[in-house]
Amino acid sequence: MSRRYFGTDGIRGRVGEFPITPDFMIKLGWAAGCVFARSGRSSIVIGKDTRISGYMFESALEAGLSAAGVDVLLTGPMPTPAVAYLTRAFQASAGIVISASHNPFDDNGIKFFSAQGTKLPDEVEQAIEAQMDLQMSTATSDKLGKARRINDAAGRYIEFCKSTGGGNLTLRGMKIVLDCANGATYHVAPNVFSELGAEVIPIASSPDGLNINEGCGATAPAGLRKIVLAEQADLGIALDGDGDRVILVDHKGEVVDGDEVLFIIAKALRDQSLLDGGVVGTLMSNFGLEQAFKRLGVPFVRAAVGDRYVMEELARNNWMLGGESSGHVVCRHLTSTGDGIVSAVQVLKAMSDTGSSLHDLKQGMTKMPQVMINVRLAGRVSLQNNAELEQAVTAAEECLGDRGRVLLRPSGTEPVVRVMVEGEDEALVNQICRELAEKVENILSALVS
1 MSRRYFGTDG IRGRVGEFPI TPDFMIKLGW AAGCVFARSG RSSIVIGKDT RISGYMFESA
61 LEAGLSAAGV DVLLTGPMPT PAVAYLTRAF QASAGIVISA SHNPFDDNGI KFFSAQGTKL
121 PDEVEQAIEA QMDLQMSTAT SDKLGKARRI NDAAGRYIEF CKSTGGGNLT LRGMKIVLDC
181 ANGATYHVAP NVFSELGAEV IPIASSPDGL NINEGCGATA PAGLRKIVLA EQADLGIALD
241 GDGDRVILVD HKGEVVDGDE VLFIIAKALR DQSLLDGGVV GTLMSNFGLE QAFKRLGVPF
301 VRAAVGDRYV MEELARNNWM LGGESSGHVV CRHLTSTGDG IVSAVQVLKA MSDTGSSLHD
361 LKQGMTKMPQ VMINVRLAGR VSLQNNAELE QAVTAAEECL GDRGRVLLRP SGTEPVVRVM
421 VEGEDEALVN QICRELAEKV ENILSALVS
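So that you can map any letter, position 427 of the sequence shown is 427 in the UniProt record's numbering, and since no number is skipped, the others follow by simple counting.
A couple of the hints might just be wrong.
Said to hold, decoys possible - Calculated pairs, DSSO-like style, for lysine-lysine (alpha carbon to alpha carbon, straight line, at most 27 Å):
| hint | residue 1 | residue 2 |
| --- | --- | --- |
| 1 | K294 | K175 |
| 2 | K162 | K349 |
| 3 | K226 | K294 |
| 4 | K226 | K175 |
| 5 | K146 | K162 |
| 6 | K252 | K146 |
| 7 | K27 | K175 |
It should be emphasised that the hints constitute simulated quantities derived from the structure, not laboratory data.
Build out the structure end to end from the sequences listed, making use of the hints.
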């Protein structure tokens, strides 16, 4: 059954354009409330990032949920993973996050969490969409849902994040530059690291509703890099607008992406005989990560791009660690979703346990040169069962041997095929990618002309 509103990461779009409108959010709150209330009286946690539109959508969702007879627990601005944690802590029926993650302020979206702090099962999303087709009604006055604020939400989450480093982690003597992306972590993350003993220099920690992710955060670490070097800091930590991603900068100013973060955490767990099973990456994870895990004897599998698919693969294998190069890392043994602060704490714990710098810890993985060319077509076309295309990919793979890989990946939103090649020899990678992209364009253009 196809979904009309829910994508792989909730519902997202431009504010004021359907479905990111107040009237839709009231109906969505009511529909979700009706579905969750089927099992009896329920409560739902609502958190948001710092976008100005969050106030509007928070009120709309609250009204819809109340009309359905569901109680509402409001956290105010709070990271996405904090809402997942608080949903579990308060034994709520579900959690809702109002956020568009790393997107600009004029986008917004809705993410749902189950009572276990995980993404909603498909059947629940489908039930909510089916309820949206019905005429909205209001519970009788004595059955309306009540709303209250969780006044200690930030403090609860700060203590949880600190606890994931173990009882004896101290960051005394460490200087950290912390980029909060003017987002949901602005009042949480600085406290986590300073209370663990670090000297924290916060930047992009003054949200005004319009500056979230603007030239800062995990998607724009250039400013963080400059300050790390100027302050001679031990490292820099960049979170995104809703706090589920992290990108680091070492003391030499080198950016450490999600693949390297995943490697550092996995190796630290493995060295302490604590890594249960293997690691999940995605189709876009660097080939160097796969090679590094092979050398360590750690099983590694790739999921489709998107944290939803990483979580599904982790659950299927009952493994504890996975993530994406974008910095979305899931420490499943500690929490139920990707968490930028928790991931950073795990890296800092590895630094503390080994007495090594971030720069030294990442040396066990060598990133391979990776080139991607977007081939734009006149229309969408399937890549399946195309012998000519398969032959072209096979020829490219043979040129790389076991020292690289090739990936063709259609865009999910536009008529574009992404041609990605990576390997040890940068010149060869560039050449193969150009030649393969040209072949892909010629082969597929003939099918849509």
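Status of each hint after checking the structure:
The hinted pair formed by K294 and K175 fails the criterion: a straight-line CA distance of about 34 Å is larger than 27 Å. At roughly 11 Å between alpha-carbon atoms, K162 and K349 fall within 27 Å of each other, so this suggested pair holds. Restraint check: the Cα-Cα separation between K226 and K294 comes to about 34 Å, which exceeds 27 Å; the hinted pair is violated. Using a Cα cut-off of 27 Å, the hinted pair K226 and K175 holds, with the two alpha carbons roughly 15 Å apart.
Taken as a hint, the K146 and K162 pair is broken in the structure, with Cα atoms around 32 Å apart against an allowance of 27 Å. The straight-line distance between the Cα atoms of K252 and K146 is roughly 52 Å, outside the 27 Å bound, and the hint therefore fails. Restraint check: the Cα-Cα separation between K27 and K175 comes to about 47 Å, which exceeds 27 Å; the hinted pair is violated.
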